[in-house]
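Visitor: Sequence:
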Amino acid sequence: MQIRRDTIGLTVDGSLMRLYVAQPKSVGRWPGVLFYSDIYQLGDPITRLADRLAGYGYVVAAPEIFHRREPIGAVIKPDATGRLRGNDNARNTPTSAFDADASAVLDWLTDQAAVDAARLGAVGFCIGGHLAFRAALRPQVRATACIYPTGLQDGVLGSDRADSLQRAAEIQGALLTIFGSLDPHVPEPAREAILAAFAAVPGLRQTTRLYEANHTFMRDDGERWDPQCSDHAWGDVIAFLQTELG
Numbered sequence: 089m090q091i092r093r094d095t096i097g098l099t100v101d102g103s104l105m106r107l108y109v110a111q112p113k114s115v116g117r118w119p120g121v122l123f124y125s126d127i128y129q130l131g132d133p134i135t136r137l138a139d140r141l142a143g144y145g146y147v148v149a150a151p152e153i154f155h156r157r158e159p160i161g162a163v164i165k166p167d168a169t170g171r172l173r174g175n176d177n178a179r180n181t182p183t184s185a186f187d188a189d190a191s192a193v194l195d196w197l198t199d200q201a202a203v204d205a206a207r208l209g210a211v212g213f214c215i216g217g218h219l220a221f222r223a224a225l226r227p228q229v230r231a232t233a234c235i236y237p238t239g240l241q242d243g244v245l246g247s248d249r250a251d252s253l254q255r256a257a258e259i260q261g262a263l264l265t266i267f268g269s270l271d272p273h274v275p276e277p278a279r280e281a282i283l284a285a286f287a288a289v290p291g292l293r294q295t296t297r298l299y300e301a302n303h304t305f306m307r308d309d310g311e312r313w314d315p316q317c318s319d320h321a322w323g324d325v326i327a328f329l330q331t332e333l334g
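Mapped onto this note's numbering, the consecutive letters of the sequence shown carry residue numbers 89 to 334.
Derived from the structure by calculation, the hints contain no laboratory data. The beta carbon of each residue, even a glycine, is placed where N, CA and C say it ideally should be. Any given hint could turn out to be false.
Said to hold, decoys possible - Label pairs and their computed distance ranges (CB to CB): (1) V115 with A284: 38 to 48 Å; (2) G334 with D176: 16 to 26 Å; (3) L172 with Q200: 33 to 43 Å; (4) R312 with D101: 26 to 36 Å; (5) D242 with S191: 20 to 30 Å; (6) Q254 with R93: 11 to 21 Å; (7) I160 with G323: 33 to 43 Å; (8) R117 with G170: 17 to 27 Å; (9) T296 with I160: 12 to 22 Å; (10) L292 with I160: 20 to 30 Å.
Given only the sequences and the hints, what does the whole structure look like? Please build it.
Guide: Right, here's the structure in full:
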């Protein structure tokens with residue numbers, strides 16, 4: 089379906105947070121999705137994915153995750169310098185600040201006339217996969233897709249050690265986790281630790297997909313982009329969300 093795009097501002101802890109919103113043009117009440125970027129913020133590869141998701145019938149809200157440290161609208165170049173900049177931003181942002189951002193976006197989605205507040209989900213990539221996992225700890229989030237999430241296994245997220253994986257039992261919704269077998273940031277021991285933590289939670293509804301792909305394999309502007317794996321993983325995400333949220 090056709091979509092429309094908007095940019096709005098939310099104030100969180102005294103900081104203006106830009107929110108990229110993509111949603112169907114058609115009038116209706118749609119599921120709402122908190123959509124997290126990787127460390128490079130809201131560049132074209134991420135907004136294209138947000139747009140695609142909206143076209144399946146979702147109100148997609150993507151925040152600038154480093155709004156406390158970067159100018160409004162800043163997009164970090166995905167090169168060696170950009171990686172250092174993005175990681176420095178992350179390591180200087182408390183986990184509690186990321187959590188406050190999630191609350192603000194979920195509250196905003198809940199208040200929208202076009203959103204069915206009983207059908208909220210989260211999707212994220214790289215650090216955003218970890219942030220999406222933390223969003224899943226909230227009871228109103230019914231479905232979460234974590235795509236090559238970094239730092240889950242060891243709590244590396246912000247300026248402090250995150251307790252995300254240790255709180256997996258708090259997840260009430262369904263969880264989809266997508267990994268790349270060639271990903272140096274989430275190697276096999278990390279994947280095994282994550283899956284062991286999931287297995288230790290009775291009743292956790294979780295599905296895992298493993299593709300022969302590298303980290304950021306869904307970014308269509310990079311050398312690690314894998315079109316085939318990206319298409320299959322995207323199909324996994326859409327099928328998962330349609331099953332859980334409609």
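Visitor: For I160 and G323, compare the CB-CB distance with the range 33 to 43 Å and indicate the outcome.
Guide: holds, 34 Å
Visitor: Tell me if the beta carbons of R312 and D101 are separated by a distance inside 26 to 36 Å.
Guide: holds, 34 Å
Visitor: Take a look at whether the Cβ-Cβ distance between L172 and Q200 falls inside 33 to 43 Å.
Guide: holds, 36 Å
Visitor: Given the hint of 16 to 26 Å, is the C-beta distance from G334 to D176 inside that range or not?
Guide: Once the Cβ atoms are compared, 40 Å apart, the range 16 to 26 Å for D176 and G334 is violated.
Visitor: Does 38 to 48 Å hold as the CB distance between V115 and A284, or does it fail?
Guide: Given range 38 to 48 Å: holds, Cβ gap about 46 Å.
Visitor: Does the Cβ distance between R117 and G170 fall inside 17 to 27 Å?
Guide: Violated - the Cβ-Cβ distance for R117 and G170, about 38 Å, lies outside 17 to 27 Å.
Visitor: Verify the CB-CB distance for T296 and I160 against the hinted window 12 to 22 Å.
Guide: The hinted range 12 to 22 Å is violated for T296 and I160, with Cβ atoms some 36 Å apart.
Visitor: A range of 11 to 21 Å was offered for this pair. Does it hold for the Cβ distance of Q254 and R93?
Guide: At 37 Å between Cβs, range violated.
Visitor: So does L292 sit 20 to 30 Å from I160, Cβ to Cβ?
Guide: violated, 38 Å
Visitor: CB of D242 to CB of S191, is that within 20 to 30 Å?
Guide: holds, 25 Å
Hints 2, 6, 8, 9, 10 from the earlier list are contradicted by this structure; the remaining hints agree with it.
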